[in-house]
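Chain by chain, the residues:
Protein chains: 2
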Amino acid sequence: METDLDPLRSVLEERSHDGYLIDDDDSDSDQRYVSGFTAPDAYQTLVTADGEVHLLVSGLEYGRARKEADADSVCRRADYDYQELVAEHGADEGRVRTIAAFLADHGVDSIAVPRSFPTGTADGLRERGLEVAVEREGVVEEIRSRKTPWETNQIGATQSANEAAMAAAEGLVAAAEIEDGVLVRDGEELTSERLKEEIEITLLRHGCALDETIVACGADGADPHNRGSGTLEAGEPIVIDIFPRDKGTGYFGDMTRTFVRGEPSEELERRYEVTREAFETALETIEAGVAGADVHDAVCDVIEDAGYETLRSDPSTDTGFIHSTGHGVGLDIHERPSLSPTGGELEPGHVVTVEPGLYDPEVGGVRIEDLVVVTEDGYENLTEYPVALEPRAT
Amino acid sequence: METDLDPLRSVLEERSHDGYLIDDDDSDSDQRYVSGFTAPDAYQTLVTADGEVHLLVSGLEYGRARKEADADSVCRRADYDYQELVAEHGADEGRVRTIAAFLADHGVDSIAVPRSFPTGTADGLRERGLEVAVEREGVVEEIRSRKTPWETNQIGATQSANEAAMAAAEGLVAAAEIEDGVLVRDGEELTSERLKEEIEITLLRHGCALDETIVACGADGADPHNRGSGTLEAGEPIVIDIFPRDKGTGYFGDMTRTFVRGEPSEELERRYEVTREAFETALETIEAGVAGADVHDAVCDVIEDAGYETLRSDPSTDTGFIHSTGHGVGLDIHERPSLSPTGGELEPGHVVTVEPGLYDPEVGGVRIEDLVVVTEDGYENLTEYPVALEPRAT
Chain Y
1 METDLDPLRS
11 VLEERSHDGY
21 LIDDDDSDSD
31 QRYVSGFTAP
41 DAYQTLVTAD
51 GEVHLLVSGL
61 EYGRARKEAD
71 ADSVCRRADY
81 DYQELVAEHG
91 ADEGRVRTIA
101 AFLADHGVDS
111 IAVPRSFPTG
121 TADGLRERGL
131 EVAVEREGVV
141 EEIRSRKTPW
151 ETNQIGATQS
161 ANEAAMAAAE
171 GLVAAAEIED
181 GVLVRDGEEL
191 TSERLKEEIE
201 ITLLRHGCAL
211 DETIVACGAD
221 GADPHNRGSG
231 TLEAGEPIVI
241 DIFPRDKGTG
251 YFGDMTRTFV
261 RGEPSEELER
271 RYEVTREAFE
281 TALETIEAGV
291 AGADVHDAVC
301 DVIEDAGYET
311 LRSDPSTDTG
321 FIHSTGHGVG
331 LDIHERPSLS
341 PTGGELEPGH
351 VVTVEPGLYD
361 PEVGGVRIED
371 LVVVTEDGYE
381 NLTEYPVALE
391 PRAT
Chain W
1 METDLDPLRS
11 VLEERSHDGY
21 LIDDDDSDSD
31 QRYVSGFTAP
41 DAYQTLVTAD
51 GEVHLLVSGL
61 EYGRARKEAD
71 ADSVCRRADY
81 DYQELVAEHG
91 ADEGRVRTIA
101 AFLADHGVDS
111 IAVPRSFPTG
121 TADGLRERGL
131 EVAVEREGVV
141 EEIRSRKTPW
151 ETNQIGATQS
161 ANEAAMAAAE
171 GLVAAAEIED
181 GVLVRDGEEL
191 TSERLKEEIE
201 ITLLRHGCAL
211 DETIVACGAD
221 GADPHNRGSG
231 TLEAGEPIVI
241 DIFPRDKGTG
251 YFGDMTRTFV
261 RGEPSEELER
271 RYEVTREAFE
281 TALETIEAGV
291 AGADVHDAVC
301 DVIEDAGYET
311 LRSDPSTDTG
321 FIHSTGHGVG
331 LDIHERPSLS
341 PTGGELEPGH
351 VVTVEPGLYD
361 PEVGGVRIED
371 LVVVTEDGYE
381 NLTEYPVALE
391 PRAT
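Note that the protein sequences, when read in sequence, are chains Y and W. Residue numbering for the first sequence follows the UniProt record's numbering, starting at 1 and increasing by one per position. Residue numbering for the second sequence follows the UniProt record's numbering, starting at 1 and increasing by one per position.
Hints were generated in silico from the structure; no laboratory data involved. Beta carbons: idealized from backbone N, C-alpha and C, even for Gly. A few of these clues could be false.
[Stated by the list, open to error] If the Cβ cut is set under 8 angstroms, some of the chain Y residues that face chain W in the computed set are:
hint, residue
1, Ala122
2, Asp123
3, Glu127
4, Ala168
5, Arg194
6, Ile201
7, Asp211
[As the list claims (entries may be wrong)] If you want a taste of the chain W side facing chain Y, the calculated C-beta under 8 angstroms gives, among others:
hint, residue
8, Arg15
9, Asp18
10, Glu335
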């Protein structure tokens, strides 16, 4: 992938730094993005003022890094006498001295670092005379928020896998019998856990993984962070929120649907329609140049007009619409930009969730969520999954 | 779980700090361990000089943190006017000021932090007049290396799930037909990818997840970090290395077996026997008081005596035994202690892998790995899986 590091180069130039250094493993998405490399143990990526990318890796990762990384050069710790330095100064100090030698080798003695940069490394380099300043605006996160077409395709591919998983879960709900007010399949109560297993196995067969998924019924679903457990009940809303990651590319998808088997209450049906209207209003509002805060406000308008609370109308409410409208998705499941009271201007290539919801322990939760990419004059929906309260056989 | 934070208290006392602060999400195992809490977004854990544990979390996590965390108190960002501070000073500075207010509220103005502590937070707190010093020895990692019986049981449970996954993979290999020198099942070539899917689905059904697994045949297996791909061949060693994590407890397991279908070469059989001898020698050497380096040396002795290179006999070799003998396993897949040239004294409760191997692109890879807990007079093996080159039907 071709990444556009120009905004980072500008920051270095403005602030007269020789380079930008990341010291982290691939769980840090900035690291993964800038290096084009993944490794479970920490490695270092240096972007110099001329925009070149240099990696420092262990001997074990060297061969793979040379093949896979998006880098102008790959250096080995052994090139800077890592083992000898560790033997002489201990693991921590030896590691810092190795990084210092790597920086010196590239003519760098003043660096900008991300906020998450390890204080151990920062202070160690300072003790060795380097200037280390935190880049507080998150320029790499900002670069990452504008997806290339290639990236949007990867997110779309993960979202397709997500749709297969949602269909598998919806199919189980649709096919269940209702006995004594609960969902039953093959003589056993259908549970949140059973649906999650089906979702995970489906994702796995599509090359995706997920740490967690939400299948929350009734009062569980009224807490947006509750993962859900136990038997699924008839007449109660079942919130299914799936956010898988492609194991190869690292890009996430994100989608939520709410289903009811049996007869929903009138209030529940009304809440579903209000949520759907808020959802559609948000989509209509999205385009490049509009602020994320405006999209969120449009959602709050719909929900408040329908007589429900939002965090805008009552900052301390724990019922109604009690989260933001959406967030960026990419190599992180939560990244820039945001569709929230603080959301700034949307730009083409921003990939965001749109996920209004209504919550009340008395009624349960309702949430509808798609994933879209912002375009000059609107959005392209990366989700092709129908929106309906009644589950279809799949 | 009762954690013993006394060594951390001693560090604070020695260095006259008021507290130890962690600012990370649950992907940092020290954070997870000390707080007894998990959350996907960063939160703060403060250990004060008197050993009390105080959490600072977002409003969304507050209810769950109060229920689940191992803490003396849980504070909300809102308690320190987080939203107002962000509105006035921006997200980054507002966040730092909130943390500073939380520290002041607990009478803390001098803190020790882990090496990985974010430089953005450290420098921000320093600008606000706090003393921030890096604790470079990794006292929490050190505490974590000594497992409680409860922790050892969790690791053992993950290892049991791991054994089920290994059995599923071994069963596929054993049941395959051999056609034209490759493994075939139901008319299709049996691949590394197919085995990995079987392993992952089995783990998933046991509540475990894994990001990666190794099923590496032939030359692929000669690179210890190669995950493997493609068709499995008869007569070639198949290295299967599985390191799953329990999704509930977060504790890892780790095990490797090497199998051959069809006729192994004499050289391959010899390498398997040498590896097994090194493996058994390592196990016999392990007990509290012995250095990890001594266990590693015992393995190197066996392998060098058999005529193969090790990194001890030739630091630049890329064939023979080209990694360390083992590593600690717990909430991280690689943690303290190590069975390597720098490995210090083993203590009761240390959980370590024992995983000698022999590698050569001409022959393929061989590795045998169990997971054991160190005891006063030896070890207890957390692995009950047979060691054999020929796969059994399962």
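Hints, verified against the model:
no.: 1; hint: Ala122; in the structure: holds, 4 angstroms
no.: 2; hint: Asp123; in the structure: holds, 5 angstroms
no.: 3; hint: Glu127; in the structure: violated, 10 angstroms
no.: 4; hint: Ala168; in the structure: violated, 14 angstroms
no.: 5; hint: Arg194; in the structure: violated, 11 angstroms
no.: 6; hint: Ile201; in the structure: holds, 6 angstroms
no.: 7; hint: Asp211; in the structure: holds, 7 angstroms
no.: 8; hint: Arg15; in the structure: violated, 15 angstroms
no.: 9; hint: Asp18; in the structure: violated, 17 angstroms
no.: 10; hint: Glu335; in the structure: violated, 12 angstroms
When each numbered hint is compared with the structure, violations occur for hints 3, 4, 5, 8, 9, 10.
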